[in-house]
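**Student:** The chain contents come next:
There are 2 protein chains.
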Amino acid sequence: MYRGGMPRTKGDHEARRRDVSEAVWQVMAARGFAGLTLRAVAAELGATTGLLTHYFPTKRALVEYALDLLEQRTLSRPRRDSGKGLAALRDGLLDILPLTPEAADSNRIWVSSWDAALSDPDLSTGYAHKYAVSRDRLSEQVAAAQELGELPPGDPAEIAAGAQSFVLGLVVQALFAPAAFPPQRQVQLLDDYLATLTAPDRSGNRRSARS
Amino acid sequence: MYRGGMPRTKGDHEARRRDVSEAVWQVMAARGFAGLTLRAVAAELGATTGLLTHYFPTKRALVEYALDLLEQRTLSRPRRDSGKGLAALRDGLLDILPLTPEAADSNRIWVSSWDAALSDPDLSTGYAHKYAVSRDRLSEQVAAAQELGELPPGDPAEIAAGAQSFVLGLVVQALFAPAAFPPQRQVQLLDDYLATLTAPDRSGNRRSARS
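Residue numbers (this note's numbering), protein chains in the order written: chain F, 1 to 211; chain P, 1001 to 1211.
Careful: at least some of the hints might be erroneous.
As the list claims (entries may be wrong) - Cβ-Cβ distance ranges computed for the label pairs, FRET-style: (1) F:GLU22 - P:ALA1180: 44 to 50 Å; (2) F:GLY126 - P:ARG1017: 37 to 43 Å; (3) P:ARG1079 - F:ASP136: 43 to 49 Å; (4) F:THR100 - P:THR1009: 44 to 50 Å; (5) P:ARG1079 - F:PRO101: 45 to 51 Å; (6) P:ARG1039 - F:LEU148: 29 to 35 Å; (7) P:THR1100 - F:VAL187: 32 to 38 Å; (8) F:THR74 - P:ARG1060: 49 to 55 Å; (9) P:LEU1051 - F:THR74: 40 to 46 Å; (10) F:GLY50 - P:GLY1035: 45 to 51 Å.
Everything labelled a hint here was simulated from the structure, so no lab data went into it. Where a beta carbon is used, it is the ideal one built from N, C-alpha and C, also for glycine.
Whole structure, please, built from the sequences with the hints as guidance.
**Tutor:** Encoded structure:
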């Protein structure tokens, strides 16, 4: 690959690539993966479909690019970091919620991607792995909170699975009803949830709700 | 429309309609809404695409039919009914979870439909309404459980929103990782969640997890 002596061209190329990424992102945020087409991206970019085929020779290439973009933007997003133990757990969960327009776009794209991911065995396995990694991280935070005496004893993996369930479902509800779930209510619901986890009798079956 | 005197033909017509519904359902369960095409339904049915256009003149007609089918099958599914108060709340939440292959198919189709629903303002409003109705029902069960002394005081609407978040997120995790979330673990996680709700100090901020 020839790279020497042509900084402007290389810069143009990278600027164009950023534009393409942004156009793909905007189309996904507005229409989801089901609406992600070369034509829609071209329209968003103000370019021809022909130019887009240079980047994405097939629909599958476009979808794979979009999934990578989602992954990269998620990994590189700013994260809260206000402490350890329960505070870190709370930060990790707040980082997932659609509390800003940017986070709402990102979540909307994630939820949209579930359809594609569930239909493709490889993608589905990849997503299962992603969520397992995420639960492991939450599990470590739960264990740290337990060591600090902030959470009562109990299997950290189960508590982490519960916490991830809670925030994923809250994401879905907030996306469908942003007016009913403004950021303040989302945070309050999460804090109420975390407050129930701190109850000392959480483990064991003494208070089991089984009927 | 001529209907008189041809019971066999009418019977054939209804049998064919059931076959079409089943084929649409199977395609959605396997490929989601993104994979729902006339061609795929025709292949599932062992029919020609031409025959399908008789039922669904447009892609949109097929999608609307599929959404109606999802709604009807969800409304008509068997439901648990083992009591009132907390037991009824638990039943209502168990009814949502993918604890059987049939419930897994149905949930997989619901999750798939979120992409289409979020992209369409009318559909999105309809879904928001559906989930609000579902929360209202849960809220009534929470209030009943509070009256029975099974749950501590607290805003039933907020507790219902939390419970709905929990099960929706558990659905998503279980769909991606059915081996990690077999029915028994799903039920255990739900029971653990309900057990935290029964802790007497749930309301108020004494145990707030705010950092």
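**Student:** Can you name, in rising order, the numbers of the hints this structure does not satisfy?
**Tutor:** 1, 3, 4, 5, 6, 8, 10
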